[in-house]
Amino acid sequence: MVELSGTYQVPAAREAVYAALQDPEVLRRCIEGCDQLTETEPGVYDAQLRLGLGAIRGRYTGRARLRDAHLPESFTLAVEGKGPGGHVRGDARLVLADAGIGTSIACHATGDVAGALAAVGSRLIQAAAARLMERFFSTLAEILSRPAASGD
Amino acid sequence: MADTPREPYVGRAMKRVEDPRLLQGIATYVDDLRLTGTLHAAFVRSPYAHARITRISTAAAKAAPGVVGVFVASDVNQACGIVPCAADMPNLKNPQHRALADGRVYFVGHAVAVVIARDAYTARDAALLVDVDYEPLPVVTDPEAAIKPGSPLTHPDLGTNVAFEWSMSTGDDAELERLFKSADRVIRQRMVHQRLTPVAIEPRGCVASYHRGEQSLTLWTSTQIPHLVRTLLPGMIGVPENKIRIVTPEVGGGFGSKLNVYIEEALCSHLAMRLHAPVKWIETRRENMSATIHGRDQIGDYEVAVKNDGTLLAIKSRTIADIGSYPQLLTPAVPTLTGLMLTGCYKYKAMRMDVTGVYTNKMSTDAYRGAGRPEATYLIERMADIVANELRMDPIRFRQMNSPTSSDFPFATACGLSYDSGDYHAALAKARRLARWNELLDTRARARKDGKLFGVGVSTYVEICALGPSKAMSAGGWEWGCVRIEFSGKATVITGSTPHGQGQETSFAQIAADRLGLPIEDVVVLHGDTNVSHYGRDTYGSRATVLGGTAIVMCIDKILAKTRTLAAHLLEVKPGDLTFEGGRFSANGKSLGWEDLAPAAYVAKNIPPGFEPGLEASSFFEPENFTFPFGTHIAAVEIDRETGETRIVKYVAVDDCGPQINPLLVAGQVQGGIAHSIGQVLFERTVYDEQGQLITGELMDYPLPRAHDIPEYVLGSTVTPSPSNPMGIKGVGEAGTIGATPTIANAVMDALYPLGVRHLDLPLTPEKIWRAIHLGEDDRGGARIPEADRSAPRYTTADVGEGALEVGNV
Amino acid sequence: MISAPFDYHRPSSLAEALSLLARHGDDARVLAGGHSLVPAMKLRLAEPRVLVDLSRVAELRGISEKDGRIVIGAMTTHAELASSSFLAAKCPLLTETAPQIGDIQVRNKGTIGGSLAHADPAADWPPVALALDAEMEVAGPSGSRMIAAAGFFTDIMQTALRPGEVLRAIRVRPTGPSVAYVKTEQKASGFALCGVAVVVDRAANRVSVAITGIAATPFRASQVERALEGGPLTAERIGEAARVAAAGAQLLSDMHGSADYRAHLAQVNVRRAIVRASART
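Protein chains in written order, with the numbering used here: chain G, 972 to 1123; chain W, 499 to 1308; chain H, 197 to 477.
Simulated from the structure, these hints should not be mistaken for lab results. There could be a bad hint or two in this list.
The list that follows gives simulated cross-link-like pairs (lysine to aspartate or glutamate, DMTMM-like), each with its CA atoms no further than 25 Å apart [stated by the list, open to error]:
#1 W/K1072 / W/E1110
#2 H/K238 / W/D1187
#3 G/K1053 / W/E633
#4 G/K1053 / G/E996
#5 H/K305 / W/D1207
Based on the sequences and whatever the hints tell you, model everything.
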């Protein structure tokens, strides 16, 4: 099982952060390796992803569902991914709090990996997941610090 | 034909006749077969250990160019039957494992769908297009937790994780309890026999071809047991036994993992019939690690009752066997073999073993090199050291006083067996001599003085081989053979004990050539095709040479008797006046050889009255008992105190497998077996995580012994013929791995003894040893050995006649 | 085991390789010896659409000396490095390390550049590059540049190579004989559970120590190096300095070795490597 926790600061108000975290385009940019992300129904996102580390990068289809949302304090993203290397599922619980002029986001994620990925990737999965999370919030912070930035 | 008498072939260390084709890469394995129009199978397998299948979408796979069909449970399960379990276990709860998962998967690697395509590449790609949705279910991975109330269930329908409960005892449990009560001490130890992956170099694979006109099926499969497959496959796929031909081309290793009938064999056979084309499947290494049987995986609580003078009284074992998620061919039988051997080579008065077989969400366990007997030898020989240590006795002296002497044979064991022959003390003495025992103890003393961790270990083992008498086997324990003198006078030997690397094409030729008086080049040994070798019970349990070899001897005896009447007729003498030597029947200065007698027998114009033409005989050999090979192994190890790494500095094996047909083959079997033990003791283990994910699913993570892990072996033997077969032979395929595991483990524990470490479970990885040294962790749970006891001498010098030292392979 | 379909290119010049990489972008992967990429492809953990095989690019191969630096082509195999008498004399850390990689088959195909660019956290060459203060010569669409080893390994399996760039060569200074590579193997894979590369520069009275296998990236054990600055390399000082070998490292932990054990191995192997290197004169 993979387990990750972290607290991140982003330079925007809580409502803005919350809104950004529901925005498919923002999510797509924050998830490293995400080629496509669409909201298929409210709170459900389908994604095409290239996940991995370095040259070891496989293609996955994923679905994320928003759960237990308490506007604008907290929500859980339940994520499922499938690819030739295996299956991934996990939950990320995000809790937002005012922190000065910005917002702090506490994220606790747990996940399970099944298949070849679990068999051969065990030493890399935790690292890959940690990297994904770090990248996610650093990109989010970047996006929110330049609210007027023109897309990509 | 040689006129001068030559040395017999039997007993000679001859190179294998199999080797040139194997070494030149011109042998034929299953994957080398190329049948016109062959279709290729690829499996979709579960990534989850336990899950409900909520949806399978095969549309995309079916639409892929080159795909012939995609099949799921509802398409094939009815036609492919249930995986057979031939073990005699009356109260076994069987989840009825079928070809493909039907609504629920219960181990990682469980086949969910099979894709058939025009080439293997298309099949593999299309398998990935089969989209399966799983809803994970609670997973059972810990067999001890699995039998507690409230545990999740591997098979909810069975209502329990207990697959079977089995007990055996000397008979009188009151006597057993009396012995335990009267004992000066009862010494207990829990031991974990870790799960192991067999890893044959050639994975499994098969090609099935159905002849619609003849309505007959041919299955080429990489198996140890073509005859058993032929017996059992009809029950799965409905083709009559006499319309099935099983062929084993070259087989690149089995170690028990190919002593089975697997779903892929039934599925490929069924699909070949259904699709009117040959169907081929070659296992990937990942499939081999996850969906071919595993070995060992017992947890035992052992109790030994002993007197203060070292006399062993009784032993009890409470064993939990984690058998994985469903029974394969012999799954429940493996721990029962442990029970049969529980008293090892010792004069225990009573024993009792209780086994609980437990289902978990893992691949099945089954017979893996030694099958139950390595577990027994490991526990009994570790126990011998633990008990001797607690009594502050020399472990060798302790073994000697508790084992039968040569005059005690036949020796009735507390497990109800009759050990037919043996001289355990002679093997022990020889092993000590070859190990230069007294020098070894000096070396150890010096090393310890220098602050090094140096240990010696001994095990005196006995095993049950030549499986076996039919009364002990569920599907017959005999062996079949056939010998034919061809028209030309050359001999064709056909055996039913299908070798897969053991070298019987050579050793059986040696036996036949000697008995027939033919040069070995004139003898060919055939096997592994049920249209040629009609009957057989194949190769496992160190049985092939004893049973298959004896069947050949019986055939030759019949042929010689028959030929004698022909020779007498042609030479116009009485049969009793003929002598047979060097392949010739002679009387009165006249003689006839096979080149004369064979044509006469086939032309059949001048034959005695009532003489059946031809020179062919077949025989079934039914042994009256198992055989009981034995021996003593001695190892010396040095441990790097800082890193915990173990180096084997000396390894001596003295094995008694009776007279040796080919000492080179014997040495090869022993060496390979010891290598298996080195892996088991020092690093191998199959690991499922708490989600039931197999995290040793590739050779990146499952360590096998490599050349640099193997020390120089000193091999020796003693020869105590078995009275239960005419050649007196006993079998040697498993001896190495049965004798070596406790030997190396005992040596490591001896090295750690001065630090007060009592017991560590296998594998004794560097980290485990490091933790024991530096963090005080051990698997005994209790306190360390008291300081005062650590300097107890353990092992004493002995007068073992070092003046008469033999060297090399003796 | 069968990989996903891919297009295969085998350019014969670096320029052609770079243009293929430019054309195919992120769909393309460079194939060197293939001992990490190909197994990952067979397990479908990697599915590049295009492979650019550098095995026929002659200019990426071989060992030479230029401007006082040893230049090793990125496609030079471990076996070629192991058997180079030139390197044995000029930079023996390379000839000591190469035979400790994998087995003969791996060494005959695997390359130093492939290993460095793949940046497996347990690979053997990265700590050697760090201890030698190697420079990575990189070719890209906009020309060549040099990257110091210290800045090359950015994260687990991540390097400072940019998209479209190819590692061309590794440049190192010659060293004396006082070097060592001491490794504890992960038993199954042969990768390092903990590998330590040491260069003792007697003239500068300085010790370089780099460690692989215990953290997400290989690293210079700068605390050990500082502890040894300016004094004699006595057994006591070496032992004392080695204690901080893993200090501050984010330790990896898996079934092959816990974080505790890796940290311990780092101390032992650092001490052994420095002792061994300093005994070689």
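Hint check results:
1. W/K1072 / W/E1110: The hint holds at about 19 Å.
2. H/K238 / W/D1187: Roughly 23 Å between the alpha carbons, so the hint for H/K238 and W/D1187 holds.
3. G/K1053 / W/E633: holds, 13 Å
4. G/K1053 / G/E996: Satisfied, since the Cα-Cα distance of roughly 21 Å is no more than 25 Å.
5. H/K305 / W/D1207: holds, 24 Å
Of the numbered hints stated above, none is contradicted by the structure.
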